[in-house]
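With the hints as constraints, model all of the structure from the sequences given.
Residue numbers (this note's numbering), protein chains in the order written: chain D, 59 to 156; chain P, 134 to 466; chain H, 538 to 777.
Hints may contain errors.
[Claimed, not checked] These stretches of chain D come out as covered by chain H in the derived footprint (C-beta under 8 Å, 3 or more residues):
hint: 1; stretch: 86-93
hint: 2; stretch: 142-152
[Unchecked claim] Derived list of chain P stretches under chain D, where covered just means 3 residues or more per stretch with a C-beta under 8 Å from a C-beta of chain D:
hint: 3; stretch: 209-221
hint: 4; stretch: 229-241
hint: 5; stretch: 428-439
[As the list claims (entries may be wrong)] With a cut-off of at most 30 Å between alpha-carbon atoms, the simulated DSS-like pairs for lysine-lysine come out as follows:
hint: 6; chain 1: P; residue 1: K295; chain 2: H; residue 2: K658
hint: 7; chain 1: P; residue 1: K238; chain 2: P; residue 2: K295
hint: 8; chain 1: P; residue 1: K238; chain 2: H; residue 2: K661
hint: 9; chain 1: D; residue 1: K154; chain 2: D; residue 2: K139
These aren't lab readings, by the way, just hints derived from the structure by calculation.
Each residue gets a CB set at the ideal place from its N, CA and C atoms; glycine is no exception.
Spelled out from the first residue to the last, the chains are:
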Amino acid sequence: MNGATSTEGPLWEVFVRSRRGLSHTHAGSLHAPDATMALRNARDLYTRRGEGVSIWVVPATAVIASSPDEKDPFFDPAADKAYRHPTFYEIPEGVKHL
Amino acid sequence: MTTAQATDTVDQQADFDAVVSAEGRIEPRDWMPDAYRATLVRQIAQHAHSEIIGMQPEANWITRAPSLRRKAILMAKVQDEAGHGLYLYGAAETLDVDRGELLDKLHAGRQRYSSIFNYPTLTWADVGAIGWLVDGAAITNQVPLCRCSYGPYARAMVRICKEESFHQRQGYELLHALSHGTPAQHAMAQDAVDRWWWPSLMMFGPPDDESSHSEQSMAWRIKRHSNDELRQRFVDICVPQAESLGLALPDPDLRWNEERGTHDFGEIDWSEFQQVLRGNGPCNEQRLDQRRTAHENGAWVREAAAAHAAKHSARTSDDAVSGTATGEGAMAG
Amino acid sequence: MFLTGRAADAAVALGDDALVLSHRLGEWAGHAPMLEEEVALANIALDLLGQARFLYSLAGDEDELAYLREERAFRNAQLVERPNGDFASTIARQLYFSSYQELLYTELASAEGELAPLAAKAVKEVAYHRDHAVQWTLRLGDGTAESSRRMQAALTDLWRYTGELFDPVEGLPVDTAALREPWLASVSAVVRQATLTLPDGPDRSGWTAGGGRHGIHTEAFGRMIAEMQHLHRAHPGATW
Ligand SMILES: [Fe+2]
Ligand SMILES: [Fe+2]
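Right, here's the structure in full:
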C-alpha cells in the first residue's frame, strides 16, 4: 500500500461493519486531508447504499503487513496442524451432538 | 544480478504463473513481473479516468432533467461514476502509484480514457442511450473482470458491477418511456440510439487481428475474452432489447445468422474510432479542459485542507472514537 | 389527501428551499475540488431533492409544482438560489442554510402537524449537511491565507440573505423569528473557531417588496428555473 501524501492528501484504508454481529471488513481506500474528513468521505463513498453501520479509517501508512517473502515461515506452520480442525477426528458412526 | 537473485526471480515467476493459471488471485505485496504491474496500472488508470470523465456527458443534463424522479436518478448515477473512479484509483494505488500522479497524466493527455465520452449529449434521450448502450457495453466488458487475476482490481469490479446494473436499467426504462411517449419523444429516442449505437460497438476496442496487447493480457487473466467476442455478445443482447423498446438499431446489415447462432452486423467505421482516439472527437478538448479546470480550481481547497491538517495534526480528531476501535482491535487479536 | 390552504403553502415553501438548493448543488457535478467531494455534494443534493419531493407530494403533483410554476410563484428563501460561486461560497451557503434548516426541522418534528414525520427524518440528514459545512468552514477558515480570505468573503457576501430565513412562513407551526438567536449562536461559534469573523453589515436588502418568501427573487433565479423547466415545458403533457 502506498501511503504517500500527494496533492490528493494522505491515503486511508476503510473498514466497514456491514451489520451488527459482524466484524469490520476492508472495503477499500480513499484520500482525505485528516481523520475527520476521512470518516465523512468513507461514509459517503462506501455506505451510500446502506452497506454499513460502523466505519473505521486507518492511515494506510499505519498498516503493518506480513511480507509475502516470509510467506513460508509465517503461515506454513499453521498448515500442518490439522488437529486444530474438528474434521481431524474420527468419531464412531451414530454418535450425535459432537 | 547474482546467481542467487536470478534463481529467486525464476522461482517467483514460477509461483506467480502457478497462482494465475490456477485462477488464484495476485495480491498487492506479492511478487509480480514488472510488465504485469505496468499493464495493470495502465489498464486500471484508464478505467478510472473513464469513470470520472464519463460523469460529464450525463452531468450535462442534471439541471434539465424533465421530472424530479429522473433528476434524482441521474444525480445518483453520476455520483456512482465518481465512486467508481474512486474505487479504481484505490485499486491502482495498491500498485505503488499515486492518484495525484495518475490525474496529472490524465490532465497532460498522457493516459487515455474511453473514447465514448468524447461524444456530446445533445438531447435528454442521450441520457437513456448512455445508460442502456454505454453502461451496457461497459458491463459486458467488466463482468468478466470480476474474475481477473489481480485481487484489488477484481474486488473493485465486483462492487462496480453491482452498481452498474441500476445504471443500465434506468437508461432502458428512460428510453422505453420516450419510445412509448409522444411522437416527438419517440423521435428523440430513435435519434439518440442512431447516434450512440456505433460508438458503443467501438467501446470493445479494435478487431482482434489488430489488437496489440491482447494475448499477453489474456495469459495474465487481466483480460478474459477477446474484443470481438465481447462485441458479438453485446450485439446479441441488444437486438431483442431494442425490439421491445420499439426502436431500430441503425444497421441495415444486422440479421440473425442461423448457422453461426449469432447476429451478423455491419462494418464498423474504424477510421472514426482512430480519429476520436487521436483527439479529433467532437468533445475531446472540452472534456479534458473541464477536468483540468475543476482540478486547478480545486487546488486552493486541497491546499487549505492540507494546511489545516498540518496545523492540527497534534490534536486527535474531535470525533474519531479511536479508543473504541483499538479496544476492539485488540480483542479481535 | 393533499394539504390545502396555508398548510399546503408551507409545505411548498419548504419544498422550494430544498429543491432549489439541491439544484444548485447538482450544478457542482463534474466540477468539485476533489473527487471525494463529488460524492459528498451529490449526497447532500439527493437528500434535499428527496425532501422536496416529499413536501411537494403533500400539496399536489411534484412535477407540476417544480416545472410549471413561474418564477414569482416560488417561495424559497433567496439564500438557496444564490449561484454556487467558488467552493467557499457554496460552503458558506451550506453553513447558513443547514444551520437554519436543522433548527427549523427540530422544531417542526416536535410540533403537531403533517410535516412532523418528514421533519423527524430530515433532521438527521440536515445534521449531516451541517456537519459537512462546519468541517469545511473550519478547514477553509483556518487553512491557508487564500482560503481564509475566500471563506471570509463568502460569509460576508451571503450575510445579507440570512435575515430572511427568520421571516414567518405562512402556515408553518414554528415561530421562525425565535430561531434567529440559536442560529446566530451556533453559526458564530463555528465562524470563531474557523478564525473568521461574523459579518456586521445588514442581514437583508433594503427593499420593502420583500424576499423569496413573497415570491421576490434574485435575477439569477430566473435563469436557474428557465434551465430547470425548459425541457419539461417543451413537451406539454408528456410523461418521462
Ligand atoms: Fe461506472
Ligand atoms: Fe455506469
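Item checked: Broken hints, by number -> Hint check: 2 and 8 fail, others pass.
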